[in-house]
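Number of protein chains: 2
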Amino acid sequence: MALVGVHNFAISLDGYGTGAGQSAEAHFGHAGDRLHQWMFATSGWQAGGSGGVDDAFFRRHDPGIGAEIMGAGKFGHPGWHEDPDWKGAWGPNPPFHTPVFVLTHHTRPSIEMEGGTTYHFLDASPAEALEVAREAAGGKDIRIGGGPTTVREFLEARLIDHLHVVVVPILLGRGVGLWDGLEGLEKDYDVEATSSPSGVTHVTFTRTTA
Amino acid sequence: MALVGVHNFAISLDGYGTGAGQSAEAHFGHAGDRLHQWMFATSGWQAGGSGGVDDAFFRRHDPGIGAEIMGAGKFGHPGWHEDPDWKGAWGPNPPFHTPVFVLTHHTRPSIEMEGGTTYHFLDASPAEALEVAREAAGGKDIRIGGGPTTVREFLEARLIDHLHVVVVPILLGRGVGLWDGLEGLEKDYDVEATSSPSGVTHVTFTRTTA
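Here the protein sequences come in this chain order: A and B. In terms of my numbering, the first sequence opens at residue -6 and continues consecutively. In terms of my numbering, the second sequence opens at residue -6 and continues consecutively.
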């Protein structure tokens, strides 16, 4: 059975996956790029980068994935749906290379991008979206791409088999939290924590129950 | 100059240092003893325990400390001040062995316990309490013992030189959080994270600025 996973999902020590004040200029709000510097420093991101534990986790993003599901806030800044020409915050050749299902109340026709990414727009529950994505993935795994609200909703619905969170040692103080309403989540998972020389800690939840 | 530190302060992955529903029977509320099992498994706690990184951190609790400051919620369950015979939640020989200053609006005469602990009761701000504790500590360091509200207030007042937090991989979902209102705290500190085979991650904040 294909698995449903979250990879490289960065949060601050106080649990925010996105800062406050998201806009077209600040995709992560006041967090800027502070949640992702560990990633930019890996050799998987750019030549000459590190080849250690951060890189090993980073490179799990693509292999075996047949489709991604993302929230509207990952696709674009608040209000993107009012721009009929908006094609996402991820450039002409987005780093997904599979069908991507964007959860939004403002659906539009699918958009084919370079490099194998096609955006589809769904107004659907997590379980409904997953059913559609599974079909598109052709037996491969499904990535839940974020943001924090989307990951949390899939966790609440108990649809995630593997969760990889990267805890960055900063305190954002405000933004969109990942953990609200998830009391006892660990009971269904094996949990491991691995701190990296970069300062971040990788925490993985791997499902142990059906 | 004597330093002000927090040692072995355990929080859940979602940032709670105490669960909800504290009572005489449940000092940490619905968290039970889940935040402190890593500590009970060390050789510093009991013979035959582990001697690794958890133990090394645990044993930093006592050496060099001349006084502790704790909040009313660490001293006893809600309402302890209505019991004139209440002598704290820490037994006849408490694990402090120094003067301990209890921050409370309900002060009472000092209580001398076995083993060198004397409880004093102060209705004071963090800065005022620290001044009194420094005098009592005779040049030794001061421990801020918790709970989360007390630690947070000392952090907000920028009075902490060294903070050792132990992140336990459980989601409590509710309780008293440590991190609220501390945006950007890391700017004044060197931060290190060290994950342990026990599953917890030790995070230390060591002050770099005066």
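Just to be clear, a hint being listed does not mean it is correct.
[As the list claims (entries may be wrong)] Example chain B residues on the side facing chain A (calculated, C-beta under 10 Å, incomplete):
#1 Arg151
#2 Leu152
#3 His155
#4 Pro162
#5 Thr187
#6 Val193
Worth flagging that the hints you see were computed from the coordinates, not collected in a lab. These numbers were taken from a predicted model, which means no experiment stands behind them. Where is the CB? At the ideal position from N, CA and C, for every residue including glycine.
Each hint tested on the structure:
1. Arg151: Where the cut-off is 10 Å and the nearest Cβ of chain A is about 14 Å from B/Arg151, the hint is violated.
2. Leu152: This interface hint is violated because 17 Å lies over the 10 Å limit.
3. His155: At 15 Å from the nearest chain A Cβ, B/His155 fails the 10 Å test, so the hint is violated.
4. Pro162: holds (4 Å)
5. Thr187: Nearest chain A Cβ about 5 Å off; hint holds.
6. Val193: holds (7 Å)
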